[in-house]
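Got chain A; can you put chain B with the ligands on it based on the hints?
What follows is the residue order along each chain.
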Amino acid sequence: MSLFVLRRLGLMLLMALVLTFAVFCLTNLQPNLEKLARSEGSVRMTDESIANWIVQNGHGGSMVTRYGQWLGVVPGWTYTDDKGVTRGRCISAEVPAEAAPRYCGILQGNWGFSTFAKSPVTTVLARSLGHTGWLMLAVMLVMVPTSLLLGVLSGMREGSRTDRVLSAFAIATTATPEYVSGVIFVALFGSATAGLSPLLNQWGWIEGKTLFLGTATSAMDDITFWNFSLPVMTIALYGIGYIARMTRASMTEVMTQQYIRTARLKGVSFRNVVMKHALRNALIAPFTVIMLQFPWLLNGVVIVETLFNYKGFGWTLVQAAGNNDINMLLACSVVAVFVVLVTQLISDIGYVFLNPRIRLS
Amino acid sequence: MSDWDPSKPILEIENLSISFFTRLREIPAVMDFSCSVMAGEAMGLVGESGCGKSTVALAVMRDLGKNGRITGGRILFKGRDLTTMDDEELRQIRGSEIAMIYQEPMASLNPAMKIGAQLAEVPMIHQGMSKADAWALARQIVADVRLPDPDRIINAYPHQLSGGQQQRIVIAMALMSKPALLILDEPTTALDVTVEAGIVDLVKALGEKYGTSMLFISHNLGLIMDVCDRLCVMYSGEAVETGNVHQVFDEMRHPYTQALFRSIPLPGADKNARPLISIPGNFPLPHERPKGCNFGPRCDYFTEGRCNAAEVEMREIPGGDRHASRCVKWEEIDWTAPPAARIAKEKTPVGKVVLKMEDLKKYYSVSGGAFGGGAKKVVKANETLSFEAREGETLAIVGESGCGKSTFAKVLMGLETATSGSILLFDENVQSTPIQQRNTDTVSSVQMVFQNPFDTLNPSMSVGRQIIRALEIFRFGASDQERQDRMLELLDLVKLPRAFADRMPRQLSGGQKQRVGIARAFAGGAKVVVADEPVSALDVSVQAAVTDLLMDIQRENRTTLLFISHDLSIVRYLSDRVMVMYLGHVVEMGTTDQVFSPPYHPYTEALLSAVPIADTHVTRKRIVLEGDIPSAMNPPPGCPFQTRCRWKSQVPGGLCEREMPPVQMLEGGHQIKCHLSSEVLATMEPVIKIAAE
Ligand SMILES: Nc1ncnc2c1ncn2[C@@H]1O[C@H](COP(=O)(O)OP(=O)(O)OP(=O)(O)O)[C@@H](O)[C@H]1O
Ligand code: SF4
Ligand code: SF4
Ligand SMILES: [Mg+2]
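Residue numbers (numbering that gives the first Met the number 0), protein chains in the order written: chain A, 0 to 360; chain B, 0 to 692.
Looking at chain B on its own, in the form it has when it is part of the complex:
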């Protein structure tokens, strides 16, 4: 290691190819992948699910499992080739020089070992440190990752910590022996945005403090921009574009990168004036890749005979900062031309009130204690919710996990009955009517689209059959023929080819399954559709298509859409009104413009500032919330947000800690549940500023 020159890359991957060998065939997961990371640099790896990001990371750790093999290329770490090292050499590098953090924090900690022991192990193995010293170091690093009360934490077991705290411990573990390279595989995907913002800040600060190089894997372009200096865009096992983050974001030179940016909702996108453009078609499976350019079948610039003639090489872009692209036509494409396919659409007029909720409450009682003992506790999942939704309107419900979004949806659907309050659907009270007793009309007029398209379809029934089943349940049509016709119409509505009626769910991609879910929801002519995170399980390029589909159907049928999401970018893009929830309370409600511009509720402000935005023209104020969301079983007294609020000191007399704030009506029907006076609210500055282009 002594002969390594710090001005050389710390990690250099050269023409790496990796295959998995299954019984059926060889799966070439990564092909001809090259990239290099300099000392102290953060390299981002983006791409859709299945493009081979994790595989690259695991190859660097040389942990591809039994059936994975590096079939070509080299991985140089500080000048030494990792691909030829034996187990003992690898063992000495793992954990001490290269550390890795992956997606699920809970799963990466040993449930039967104390946190301190798991941390202390690293220096004990690599530096031969004594147990006492190692524990002392563990305590110090735990403090470094900004966890409160390190003494308690190192003596705790993993399940005693929250998800965010666990992820901090995993980071601490990776930093125990000050590695030269840190690999992070989607480290925040499982976490809430405000928690994610804290972790991202921490990773950046620690990277600077210890001079660690990073390989940061994510599918979120905004996050990459926050953390990384350079990035590498992957598509179907290949790197298609690499370069400096700012250069790639502003002067992309690969059609896939461009398409990716056009399909994500950035500030300024608007469902009517500037709709998103989805990438047509589907991702090729590793063994079904086309000849020539992998992106060819989905590319707008595809030219027969050139793009599919031979394998496309990665080529350096002159004048760039180590900027390279894998496209034969990059010099000819006019990168500044606006997209051709963008068709502005009309805004849907909003009609009469369809759904009205008044003082809705939903409490659950749960029993505490491991062995069934202990007092019964009440979880206040929803507290005095009141709102109305109109025909043709999109109302977004935003909040982090556990804030009561899904409970609310269940109550509305009749899967749960409300504890008190009323739900009026077309002036009919359905509050305490569970779904079994609702009449078919009510049931068919309120429908739901679920988060996970993979679980909601019956795997052993063809797509057409499932839609017809739904039609039968809603007593639609007099004959089978009529239902058959309607089913085909519904497939047209969700833009699936009619031939898909005979397919089985397993033959569909995630986006296609979600479309079937939507078709089913609209089968009975639903008037109100509750979409619970309908796109969060899908890849970005597919998300755009599914959201647009929902919008188109809404325009046509004048449906009321209740869109439940934690993703503020998409909410801003498609909703007319927004309701922000925190710990079962609606803390802010108003039109999209009102909610996304000041005055904000302090929680909304923090939420907005936490969402990464993949746009170099946007500057965001960083507000990092301390701590985690309190448990709904044990909410703080007074204002639910008081434990994390940075404005609390502006309210005189500690009112926030004692009294539940009232709902303030601001102009234009904008509601904020907060003690802050209107003068203070007026001083709030916008969180997001878009620089003039």
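Bound-form chain A, shown alone:
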């Protein structure tokens, strides 16, 4: 088992390197650098001075060395200009050239400076990840129990009316992308002039103008039911349909197994047939799916955070991409790669754990 985990970790590391290198190459393409030079230097630079700027700011040299510098395995660049002032990757206002370390990549904890936020990448990233963390947590808390419940309920009696209704719901939600459902939700619950809110307000059921708030900006300081519901619902809904359908498929399959019949003919009540005999076997497949949902949730996060103006990871990613903020983009992709790989690992280990046939043989 530990060998297995070790091997998976090794493989993960390799994949992380390959993937980040790919992102590094894409973000450091020549046109991007030229754009950066214009925005950092001056917009009216000549082509020649752009080339100089690129070289003088450590963006020259081969892609591999630059990647090595960023990673922290190749010494950081330095450049001494005509005035004798030395600049470099590891040199900043606080750290003078004499005291600067040779290596300063992400391995040393130096994630660089965000050109857009005008502050270190780590600070921005930590803050936005914190926001997204809360969002994800809420989504998971809503999504996992709901979807498993829906899946199990519809799968335990295949073809029943409950099953048909729930399945239709599940299909409808997966067929609706977040940018559609998000807009619908805002219109339905978050608008003071349309949807349900004016009605409810008229009847005196709600005090405020709207049932839920159509933007989640205020949730960054203080999460409330009012300001957080819509973004959470929007992300969770898509996942609910998907996981519920997986659970249902798995549950219906399990319910037709011989051992379920054995249990039934032992006199086990239907409730316990489902709870004690079917559930664990039926959850093996959805567990993997839930874990694999995490990376996919990032996707939803990008859309929803932008839509609801919630400054989390997704929002930061969009801003970084829009503003050619190379360091930020790189950091975001490292996080994304990390999330994908770690959830993969957890899903594999969890699968083994739930399934004794694999665990012990």
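Just so you know, not all the hints are guaranteed correct.
To be verified - Below, simulated DSBU-like cross-link-like pairs (lysine-lysine); rule was C-alpha separation at most 30 angstroms, straight line:
| id | chain 1 | residue 1 | chain 2 | residue 2 |
| --- | --- | --- | --- | --- |
| 1 | B | K65 | A | K275 |
| 2 | B | K7 | B | K208 |
| 3 | B | K328 | B | K290 |
| 4 | B | K113 | B | K7 |
| 5 | B | K203 | B | K177 |
| 6 | A | K275 | B | K409 |
| 7 | A | K275 | B | K290 |
| 8 | B | K409 | B | K379 |
| 9 | B | K177 | A | K275 |
As the list claims (entries may be wrong) - Under 8 angstroms between C-beta atoms, here's a sample of chain A residues computed to sit facing chain B:
| id | residue |
| --- | --- |
| 10 | T79 |
| 11 | Y258 |
| 12 | R260 |
| 13 | V267 |
| 14 | R279 |
| 15 | N280 |
Calculated from the structure, these hints are not laboratory results.
On a predicted model such as this, the values are computed, not experimentally measured, just so you know.
Beta carbons: idealized from backbone N, C-alpha and C, even for Gly.
Below, chain B with the ligands alone, put in the same frame as chain A:
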């Protein structure tokens, strides 16, 4: 339940009719079925596949699924009608008063629950027993079903046990709350014969110990005779004959029962002198049953206007022990008359050596460990096999699952290459030539008939096309016309109507498909045909026809037939020589008479004693082997059979545990791979004795 009188039947099924409702039509699976089981009695239910045995059993459990419904009749259990009970009443009876065991043990155990938990659940539900007590009881019952090391087993998961052990657990589960009635639906079909013998013994002993009544479903008449007191023969959804086992076996009063007995190979049957008689025609589908007697179209005694006039009633046979038959003519039929159709055939002379194997070995290397780690292991599938087969001869290869029979066939066919040794086919060495490199002649001269006729035919190609394809591959004939003619001849050869050339495989029955498989194998004029369990997937009445067909073709073409089987009855019936394999070793080889009479190899002896024989005149010595077949990946040191051998103590000095026994040559070329001295071998008694009639 208190008002139930123990002298009354514990289970009484009265005129039960069951239908399945599909989109197309209603399928009347069981019609007017009656039978009763007394306390402590074992009732057998026999019949061919699809005759409705399982349906009856599931109806008793009231578990017919969504589309099944009881359309008439009553099922009385201890005087209470099960057909009108509601879910809660049923739940209380299931598992506590009636328990059921079915065919596939692995599938009936929950893979994610410990054995102990699955067992303990029963008394916890029904008797409200505490968890600790229930586990203690589980442990005790596990010991009762004679499983070694019960403490380890109750903490194990199902996949950690072998098939035989799992089936014992399923039995233990059924016995947890000492039910009054136990329903067993083909409980041993998936198991090897020696394992089956152990389970059957166990079921009988436990039945006696707890006084449980049993409803035992099987298609194997021999097994029914071993286990049951009474039986009920079913045909196409109806009971056709019922009575005491001995009475029905010796004085059957229904033509179907008679035909069934004539189509199974009992000791004394012989392919030349007394060939089997197959039942003509096919089983009617539930919605295509004829008017009047269902067996009419296949019955030798059929009389127009009487048998097909009206539904035939079940009638009591006077003087019998609750013996009844569903035949209008039973009083008129001369039940002692020998069958008319039996035509003795000539014995095929045996010719020159066609196939010769010398010191053949086949090892597989497999990797161990769940995550790909672990050392490579070697599975010795075949160890130093040597034998020869002659023209026109039938050589049977016998052994239980995993003994290497099929590997051997694959090596011979060139689907695998041997690790070492030589295979000489007509004096040409084909040992290491895989099938792609063999020339067409060699390929067409060695052909195979497979176990499962359902998988080997291309479902989207007509029967005639498939045979012509085979002819093309073997480059037979110069023109399409020639091949077309040959195809029709082949259909004649396998006794299929020529019109079948245009049929699709799905329009054929199992036996007919197997005939097409045989026709294809003989398309290239095969000299050696390897038949890997060719009839084991077929019903008994069809088995006889297919075996006879193979024999007829052999007579005509002087083919060498290698017949791979685990069924010793059929092997005795049709083979000239027998090779017994165990864990990749040939442990005994000789003519059929030599192998089936003493001296035996200890394994052959056990195997012979394990095979149930449906003949009341035969007495068998019971030798029940302990334990399971060791894994080929991890064979025991010394003699491969030493872990289960009951003769081991007769060999001095623990030789069996240390050294691989040599092959002893007894008289007449009879070979036995065993350390036992010739004196000890000479003291062996025959396992099967046939009482004089
Ligand atoms: N769920 C079902 N829906 C429709 N038809 C069914 C269903 N179950 C069984 N049948 C039909 O009922 C008939 C009896 O089936 P059953 O399973 O009782 O046969 P069996 O005697 O147990 O056969 P086997 O020896 O193969 O187990 C068959 O013709 C079968 O096709
Ligand atoms: S009723 Fe007629 S057809 Fe049916 S079994 Fe009897 S003799 Fe044969
Ligand atoms: S060699 Fe020994 S263990 Fe093997 S079969 Fe003979 S007596 Fe039994
Ligand atoms: Mg059945």
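Comparing the hints with the structure gives:
Only pairs whose Cα atoms come within 30 angstroms are accepted, and B/K65 paired with A/K275 is accepted, the gap being roughly 23 angstroms. The suggested pairing of B/K7 with B/K208 holds, with an alpha-carbon distance near 21 angstroms, which does not exceed 30 angstroms. Pair hint B/K328 plus B/K290 holds up; C-alpha atoms about 16 angstroms apart against a cutoff of 30 angstroms. Distance restraint check for B/K113 and B/K7: the Cα-Cα separation of roughly 39 angstroms exceeds the 30 angstroms cut-off, and the hinted pair is therefore not satisfied.
Distance restraint check for B/K203 and B/K177: the Cα-Cα separation of roughly 14 angstroms lies within the 30 angstroms cut-off, and the hinted pair is therefore satisfied. For the proposed pair A/K275 and B/K409, the alpha carbon gap of about 45 angstroms is over 30 angstroms, so the pair is violated. The suggested pairing of A/K275 with B/K290 is violated, with an alpha-carbon distance near 49 angstroms, which exceeds 30 angstroms. For the given pair, B/K409 sits about 15 angstroms from B/K379 by alpha-carbon distance, which is consistent with the 30 angstroms threshold.
Taking the CA atoms of B/K177 and A/K275, the gap is near 23 angstroms; set against the 30 angstroms cutoff, the hint holds. Contact between A/T79 and chain B, as hinted, is not supported at the beta carbon level, the nearest pair being about 54 angstroms apart and thus beyond 8 angstroms. Against a cut-off of 8 angstroms between C-beta atoms, the interface hint on A/Y258 holds, since the closest Cβ of chain B lies about 4 angstroms away. Restraint check, A/R260 versus chain B: the minimum CB separation of about 7 angstroms is within 8 angstroms; hint holds.
Hint on A/V267 holds. Least Cβ distance to chain B is approximately 6 angstroms, under the 8 angstroms limit. Below 8 angstroms, beta-carbon pairs count as interface contacts, and A/R279 has one with chain B at about 5 angstroms; its hint therefore holds. At a threshold of 8 angstroms, the smallest CB-CB gap from A/N280 to chain B is about 5 angstroms, leaving the interface hint in force.
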